[in-house]
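Letter by letter, the chains look like this.
2 protein chains.
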Amino acid sequence: MAQKNRLKYVLLGLLKTKKQTGYDLAKSFDSDIGEFWNANHSQIYPLLKRMEEDKLIGHEDVTVGQKLQKKQYFITNKGQKIFYAWLKSPSDLDNTHDEFILKLFFIDDAQSPLLKPMIITQQKYHEEKLQQLNTQFKQKFSTQKKIDQNFGHSLVLRHAIDREQGYSNWLTEMLKLI
Amino acid sequence: MAQKNRLKYVLLGLLKTKKQTGYDLAKSFDSDIGEFWNANHSQIYPLLKRMEEDKLIGHEDVTVGQKLQKKQYFITNKGQKIFYAWLKSPSDLDNTHDEFILKLFFIDDAQSPLLKPMIITQQKYHEEKLQQLNTQFKQKFSTQKKIDQNFGHSLVLRHAIDREQGYSNWLTEMLKLI
DNA sequence: GCCTCCATGTAATCCGTTACATGATTAA
DNA sequence: TTAATCATGTAACGGATTACATGGAGGC
Chain A
1 MAQKNRLKYV
11 LLGLLKTKKQ
21 TGYDLAKSFD
31 SDIGEFWNAN
41 HSQIYPLLKR
51 MEEDKLIGHE
61 DVTVGQKLQK
71 KQYFITNKGQ
81 KIFYAWLKSP
91 SDLDNTHDEF
101 ILKLFFIDDA
111 QSPLLKPMII
121 TQQKYHEEKL
131 QQLNTQFKQK
141 FSTQKKIDQN
151 FGHSLVLRHA
161 IDREQGYSNW
171 LTEMLKLI
Chain B
1 MAQKNRLKYV
11 LLGLLKTKKQ
21 TGYDLAKSFD
31 SDIGEFWNAN
41 HSQIYPLLKR
51 MEEDKLIGHE
61 DVTVGQKLQK
71 KQYFITNKGQ
81 KIFYAWLKSP
91 SDLDNTHDEF
101 ILKLFFIDDA
111 QSPLLKPMII
121 TQQKYHEEKL
131 QQLNTQFKQK
141 FSTQKKIDQN
151 FGHSLVLRHA
161 IDREQGYSNW
171 LTEMLKLI
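Those protein sequence lines, which keep their order, are chains A and B. Anchor point for the first sequence: position 21 equals 21 in full-length UniProt numbering, and the numbering is continuous, going up by one each time. Anchor point for the second sequence: position 172 equals 172 in full-length UniProt numbering, and the numbering is continuous, going up by one each time.
Quick caveat, the hints were computed from the structure, so don't treat them as lab data. Given the structure is predicted, the values throughout are model-derived calculations rather than measurements. There is no bait here: all hints are sound.
Once the Cα atoms are required to be at most 20 Å apart in a straight line, the calculated SDA-like pairs of lysine to any residue come out as:
no., chain 1, residue 1, chain 2, residue 2
1, B, K129, A, N95
2, B, K145, A, I107
3, A, K81, B, E99
Turn these sequences into a full structure, and let the hints steer you where they fit.
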């Protein structure tokens, strides 16, 4: 055994809402869920095949135009079951792999000339991100109804915004310290 | 090519301070740096060997007791060079893999009975973590001198505390919402 | 006709985890 | 003497990234 294969549950979660092709699923990671999870099509297609062998999902072939065959995947009862079992199971937390933090750890000297430029670069990045997330929230959750119907998604996006804000504040504090 | 191999830089960073065995390096991840990076000895030993082939590090054999041979690794000039080059290079940020957040994303309904127990479990975890980090900070950085001599480390630990505090606050807010 | 996007796959490679395996030293 | 810790390795496997590869649909 090795690793977790949480991607399996992500795909089941996405298929829970509507049937989709592998291509559609892959696209979800470019927007939406991409904020906190990622996967490429080269990982998704083989996994879908294995999941179908395990009867967690099924597919129907759909013909588009003259020749193009696409596979509409859907979740099975068994798939639903293991998805909800996962939801209820305890969550373990990977440690974050933030390269900036890692570098910072190795700067022993408060007077190091490396510090300031590092912080400023990072700050720029996180401020852009923050703006982008705020825009996203306004677009996706413009009404209370939209929030109520995608409650978890809204909470998660709110969390991402909080996190970025916290990160920004911390960087600002650091600049004052040096 | 695949992936980043940042572990290489972590090991160089640790060896920059003092020469150490693979065993010592592996132990660093249990305390100290373990807060935001991890590695097992089974990954470390082969990597050290490769790094030595690349002349980033060297080692001297030390005999302990009658028979035990251990390898004291040290960083070379070349190793120092590529370490500082890495420090100065732009940092890219992996997206966090937080399983709780992932699950939350899939809870569409604000009235779902799953929500409350999930949040409470998570809250317990993060509050423990917060306490633990606070204790750690007090132990490691009891004087200003200690902070000044391990400035980056203190900033990073401060950040971890902020992050946990933010997470806790967010969870508390969520409980009010449901 | 051409470019963009849709759509599906495989191969190579590396990273990271778990498990297997062995033996020495040291302190209770 | 025995248990915990020090010390070093390999093997198997699964996850994730990058690159290679192919072809159809639809709009301009």
